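There are 2 protein chains.
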Amino acid sequence: MSGAYRDAGVDTEAAAKAVALIADLASATRTPEVADQVGGFAGLYRIDEHRLLAAATDGVGTKLEIARLTGRLDTVGIDLVAMCADDVACTGAEPLFFLDYLAVGRIDPTRVASLVEGVVDGCRRAGCALLGGETAEHPGVMAEDAFDLAGFCVGVVEEASLLGPHRVSEGDVVIGLASTGLHANGYSLVRSALLPAFDLEITPPGLDRTLAEELLEPCAIYAPDVVALARDGLLHAAAHVTGGGIVENLPRALPQGLGATIRRGRWPEHPIFGLVREISGASEDDLFATFNMGIGMLLIVEPTSADDVLARSSHRAFTIGEVTPGSAVRAV
Amino acid sequence: MSGAYRDAGVDTEAAAKAVALIADLASATRTPEVADQVGGFAGLYRIDEHRLLAAATDGVGTKLEIARLTGRLDTVGIDLVAMCADDVACTGAEPLFFLDYLAVGRIDPTRVASLVEGVVDGCRRAGCALLGGETAEHPGVMAEDAFDLAGFCVGVVEEASLLGPHRVSEGDVVIGLASTGLHANGYSLVRSALLPAFDLEITPPGLDRTLAEELLEPCAIYAPDVVALARDGLLHAAAHVTGGGIVENLPRALPQGLGATIRRGRWPEHPIFGLVREISGASEDDLFATFNMGIGMLLIVEPTSADDVLARSSHRAFTIGEVTPGSAVRAV
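Protein sequence lines correspond, in order, to chains A and B. Counting in the numbering used here, the first sequence runs from 576 upward without gaps. Counting in the numbering used here, the second sequence runs from 576 upward without gaps.
The set of hints was computed from the structure by calculation and includes no laboratory data. Please read these numbers as outputs of a predicted model, since none were measured by experiment. For each residue, glycine too, the CB sits at the ideal point set by N, CA and C. Careful, some of the hints might be misleading.
[Claimed, not checked] With a Cα cut of at most 20 angstroms, we get these calculated EDC-like pairs of lysine to aspartate or glutamate: (1) A:K592 with B:E719; (2) A:K592 with B:D807; (3) B:K592 with A:E719; (4) B:K592 with A:E692; (5) A:K592 with A:E823.
[What the hints assert, rightly or not] Simulated coverage check for chain A against chain B, where a stretch passes if three residues somewhere in it have a Cβ under 8 angstroms from a Cβ of chain B: (6) 597-606; (7) 631-640; (8) 682-691; (9) 738-750.
Construct the complete structure from the given sequences, taking the supplied hints into account.
Okay, structure coming up:
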């Protein structure tokens, strides 16, 4: 558990305990069509003899607060789609459709439309249809200008193309795809460290744009790349760097008994991480446990496929580590 | 637009404007597999030659505030599943799986587990699997004990069994299935009218239990009935009474050029509606526009099927009206 993150009010131990309780409860609703989760990024449901649906839900978290503070509402919908569609893509599934849930204190049609514009933009980038949504007004419960966004994405994958730990072997190569910045993780820490130090509209040292612009930079959406590479048999597994860092997420794509070594310094560091390091005083391990540190998607590939994957990725891609015996995942 | 409801802070005109803007934006993401919405309760997506997926998202709204105020958290998850699964069932689709999104100020594993217990209970009642979920902690943005719940349900339907306006004819019978009370609609009005007048833990005149118990009574879940009746060819269309009253929702199941006459008094009135009528001073039309008034699901059937449907329903069922020429839907 990250000490810096607990200071920012996020309790990852309580979250882990809640997740365990939920998993136990949910098992009571299991039907024969529910497939074992492979990797845990999305739920899998058998739709016919050879295909599975993959479904994931997520929110944008407190990055929304930056949008609210600045009034720039038209990009956090991209983050919302990214968080869900890239979880779905980690199974190899192609995102088919998306639904959004927007809770607001008061419905202002212009503000709602701005938020949904971002969702539409995200759906285009992920290649899925916006199939529906709900805008819920909570007068007296939420402040008039408060809002929260949740998203749901469903994809489909041929069982033979399913990515996951079952395909991973010792010696496989870990390729990292560049993030665009913070994505949607660690914002409680960022807000508690950076907002007291800098106005959102000034350009902090080391950055080339305002803090607001930097903090609102939308997540990369990796799904089209991941799906295309998976379909061509070039991937064994994929891990979305979300809700924690590389070391927290990579094990979700590894089988029992295998770990990985990630070599820091194999990719360029985005300046925002330097600024957070400096202002928050967080340790390097805390930073790596909380933030993506420049890598938003991890692909695990056969060594002979690595060059192909590096060449075909539309995101900057780096060979950053390898799968190792034993269960330890370390960033060295 | 309900005058009483605007007083309670809910702006249905703004909501309608937002919905129109969203529909326009969403059309840009349309893919060939997206089917025309029939009735508008759920999005439809073609998964193979003969089957469609139906997907819907919804929240519980400010009914959650009653759960928060009383600390009784283990039933609003049933409402959440009901709101989504019964929208899906209006297409004739069998709910397959459900995902929940829970946003909290602070993760308290016991409280989270209580909320999810309700979701699990709802999934059992709807016959679907809880395939996944997200618990998001928003420290500093939401109060520690604040929470919001959103849900997402996917079902599947044979194209030949699809319910909707395309099947409805003049002279069809409207059957209403009894609600268990307020369900999850009109709570902003209920809260503004009843909470200043009564303590949640006392039994108001005309009720046989405390106001808290009455206001937390979970929604009925109609999906298993609707799906079974649809599969046996007994239904033409179905309309979930949600986000408004009977007159607001029935048109979603009717084709252009047809309306309906609903005869008030054909079903027993639940005492909670009498209490709301008395305390809020809302007009009968406002009440019918805001609340389900005792009917939570509307089934449109061939006159010759009506007796079968009435006999087979596991909810109390009443013949409450008929489909008429012209587009007016009236409660007389």
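Going through the hints against the structure:
A C-alpha spacing of about 17 angstroms is found between A:K592 and B:E719, which places the hinted pair at or below 20 angstroms, so the restraint holds. Taking the CA atoms of A:K592 and B:D807, the gap is about 45 angstroms. The hint is violated against a cut of 20 angstroms. The hinted pair formed by B:K592 and A:E719 meets the criterion: a straight-line CA distance of about 17 angstroms does not exceed 20 angstroms. Only pairs whose Cα atoms come within 20 angstroms are accepted, and B:K592 paired with A:E692 is accepted, the gap being roughly 15 angstroms.
Between A:K592 and A:E823 the alpha-carbon distance is near 16 angstroms, which keeps this suggested pair within the 20 angstroms criterion. Restraint check on the region 597-606 of chain A versus chain B: 7 residues with Cβ-Cβ distances below 8 angstroms, three needed, restraint holds. Residues of the region 631-640 of chain A with a Cβ under 8 angstroms from some Cβ of chain B number 8, which satisfies the need for three, so the listed coverage holds. For the region 682-691 of chain A, the assignment as covered by chain B holds, since 6 residues bring a beta-carbon within under 8 angstroms of that chain's beta-carbons and 3 suffice.
Three residues within the 8 angstroms Cβ limit are the bar, and the region 738-750 of chain A against chain B gives 0, so the coverage statement is violated.
Consistency note: the structure conflicts with the earlier hints numbered 2, 9.
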